[in-house]
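Make the full structure from the sequences, and use the hints.
2 protein chains.
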Amino acid sequence: MKDKLTIIKIGGKVIDQEELLDQFLVEFSKIEGKKILIHGGGKIASEKGALLGVQAKLVEGRRITDKDTLEVVTMVYGGLVNKNIVAKLQSNGVNALGLSGADANILKAVRRPVKSIDYGFVGDVRKEEVNTDITSNFLEASLCPVVCALTHDGQGNLLNTNADTMASIIASSLSERFEVKLLFCFEQPGVLEDFEKQLVIEKLTNESYQDYKSNGVIVDGMIPKLDNAFDAIQNGVNSVRIGAFSDLAQLIEGYVGTRITN
Amino acid sequence: MKDKLTIIKIGGKVIDQEELLDQFLVEFSKIEGKKILIHGGGKIASEKGALLGVQAKLVEGRRITDKDTLEVVTMVYGGLVNKNIVAKLQSNGVNALGLSGADANILKAVRRPVKSIDYGFVGDVRKEEVNTDITSNFLEASLCPVVCALTHDGQGNLLNTNADTMASIIASSLSERFEVKLLFCFEQPGVLEDFEKQLVIEKLTNESYQDYKSNGVIVDGMIPKLDNAFDAIQNGVNSVRIGAFSDLAQLIEGYVGTRITN
Numbered sequence: 001m002k003d004k005l006t007i008i009k010i011g012g013k014v015i016d017q018e019e020l021l022d023q024f025l026v027e028f029s030k031i032e033g034k035k036i037l038i039h040g041g042g043k044i045a046s047e048k049g050a051l052l053g054v055q056a057k058l059v060e061g062r063r064i065t066d067k068d069t070l071e072v073v074t075m076v077y078g079g080l081v082n083k084n085i086v087a088k089l090q091s092n093g094v095n096a097l098g099l100s101g102a103d104a105n106i107l108k109a110v111r112r113p114v115k116s117i118d119y120g121f122v123g124d125v126r127k128e129e130v131n132t133d134i135t136s137n138f139l140e141a142s143l144c145p146v147v148c149a150l151t152h153d154g155q156g157n158l159l160n161t162n163a164d165t166m167a168s169i170i171a172s173s174l175s176e177r178f179e180v181k182l183l184f185c186f187e188q189p190g191v192l193e194d195f196e197k198q199l200v201i202e203k204l205t206n207e208s209y210q211d212y213k214s215n216g217v218i219v220d221g222m223i224p225k226l227d228n229a230f231d232a233i234q235n236g237v238n239s240v241r242i243g244a245f246s247d248l249a250q251l252i253e254g255y256v257g258t259r260i261t262n
Numbered sequence: 001m002k003d004k005l006t007i008i009k010i011g012g013k014v015i016d017q018e019e020l021l022d023q024f025l026v027e028f029s030k031i032e033g034k035k036i037l038i039h040g041g042g043k044i045a046s047e048k049g050a051l052l053g054v055q056a057k058l059v060e061g062r063r064i065t066d067k068d069t070l071e072v073v074t075m076v077y078g079g080l081v082n083k084n085i086v087a088k089l090q091s092n093g094v095n096a097l098g099l100s101g102a103d104a105n106i107l108k109a110v111r112r113p114v115k116s117i118d119y120g121f122v123g124d125v126r127k128e129e130v131n132t133d134i135t136s137n138f139l140e141a142s143l144c145p146v147v148c149a150l151t152h153d154g155q156g157n158l159l160n161t162n163a164d165t166m167a168s169i170i171a172s173s174l175s176e177r178f179e180v181k182l183l184f185c186f187e188q189p190g191v192l193e194d195f196e197k198q199l200v201i202e203k204l205t206n207e208s209y210q211d212y213k214s215n216g217v218i219v220d221g222m223i224p225k226l227d228n229a230f231d232a233i234q235n236g237v238n239s240v241r242i243g244a245f246s247d248l249a250q251l252i253e254g255y256v257g258t259r260i261t262n
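The listed protein sequences derive, respectively, from chains A and B. Sequence positions in the first sequence follow our numbering and run 1 to 262. Sequence positions in the second sequence follow our numbering and run 1 to 262.
Treat the hints with caution; some may be incorrect.
For chains that are exact copies, the list does not tell them apart, and a pair is met inside one copy or across any two.
What the hints assert, rightly or not - Distance condition first, Cα-Cα at most 27 Å in a straight line; then the derived DSS-like pairs of lysine-lysine:
no., residue 1, residue 2
1, 67, 43
2, 57, 181
3, 197, 213
4, 115, 30
Hints listed in this document are in silico derivations from the structure and should not be mistaken for laboratory results. Values in this document were obtained by computation on a predicted structure and should not be read as measured data.
Encoded structure:
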């Protein structure tokens, strides 16, 4: 029988509001067994970038990671956010180990090819590139990897990488060795059918997902997030759920949030 | 017979000038066997701090790490400098693993007690607090720890910590398991007897060190660095040498630099 592994991706306010983060990390620390935390930090990066005089660059509405922006996200994701989470988890008795994809080469990426847009230092990742050996070694040594949204190209460059996608492929690749539960946590109580009423869709199949998209119920940033969630469930992850970071214990038990199924 | 372990601490220009860093890392990558790299990044931290509106605070001539300064060094040491070194080493075929003292709890510190001055978030470290088990595990797994000048207090706070001192106590504690060679690398070709003539002191005993201090030949920042070097040699480290990062291969072989002996 495979060992259980819980992988949680956090994003949004929980990262930049210290009190929310502390509360979340206390709950996270209570999870028994092997676990991995994956985080971004985009809002803090934008704030620090503005202070450093690095303007967000958009081409055709898409964010571009130039050299200055890469420097900012390296400081914020790899340094400020990651090391603070690690120190806080240590104080909760969790032996956290902060990692970018470059550390121990846990995740190598390919710089996104230039088609109509040059996204700059942005990494595209595949589950075949997850270093499952070393990641498993860390887990077996009772370490809790805390992974930030940075990878590397193997040629000395760091690459800004989508944290949802990293969570999805890390979960998929580790599902060969572990029984993996993957949770995407953010502000909302789940994928919403009605934003005003905060009505949560309890279960989302690929079929109903397509319907919700056609009807315009599921739009914008929720689409790539759900694509990552469906990729995970279709690639061996045992359980995928989306919900609020403020309700972690209930979400892990499956009492709240949106369940993603085949 | 103990395995060999080379521990190198870098500081100064090599960290903030990309070309120098690249050259150094190529040479570092050629070192055979187990190795650890330890770095600061004070100059970049001062630059980024100034851009972020964080002024260096001095009390009685001593630098203070307030909350804002801690944030800057966390971004610069833990993020910008550390992750870039790791990515570059990976491209040289070295399986680097970036660490602060909080990661895997490799080094817990005590916040410096307030006597006449409150240094703020500054950590004092002891060799007994180095987590030699996990550090040895990383080395046995062919990982190369890249350690930045941050520790933690075990209560959720990161602490700014002197990189020379970290190198000294990490080397001392690991000398129980390994035959350790410790090198402090900076701009100068070694400890200088005459700055104008760049005359290097080839060998420094504790006795000659005291003489050079009395005569005013060795002054200022070189004193705490040498105190750390002598601490290491007096605590089981097999070989301690101080010299130029630009001459690493010769320094390792013992052909150049200043040798520290009992």
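Each hint, compared with the structure:
In the homo-oligomer, the alpha carbons of residue 67 and residue 43 lie at most 27 Å apart both inside one protomer (18 Å) and across protomers (20 Å), since each shortest distance falls under that limit. Taking the shortest Cα distances, residue 57 and residue 181 never come within 27 Å of each other, neither inside one copy (36 Å) nor across copies (47 Å). In the homo-oligomer, the alpha carbons of residue 197 and residue 213 lie at most 27 Å apart inside one protomer (19 Å), although the nearest pairing across protomers, at 75 Å, exceeds that limit. In this homomeric assembly, residue 115 and residue 30 never come within 27 Å of each other (Cα to Cα): the closest approach is 45 Å inside a single copy and 38 Å across copies.
Violated hints, listed in ascending order, are 2, 4; each of the other numbered hints is respected by the structure.
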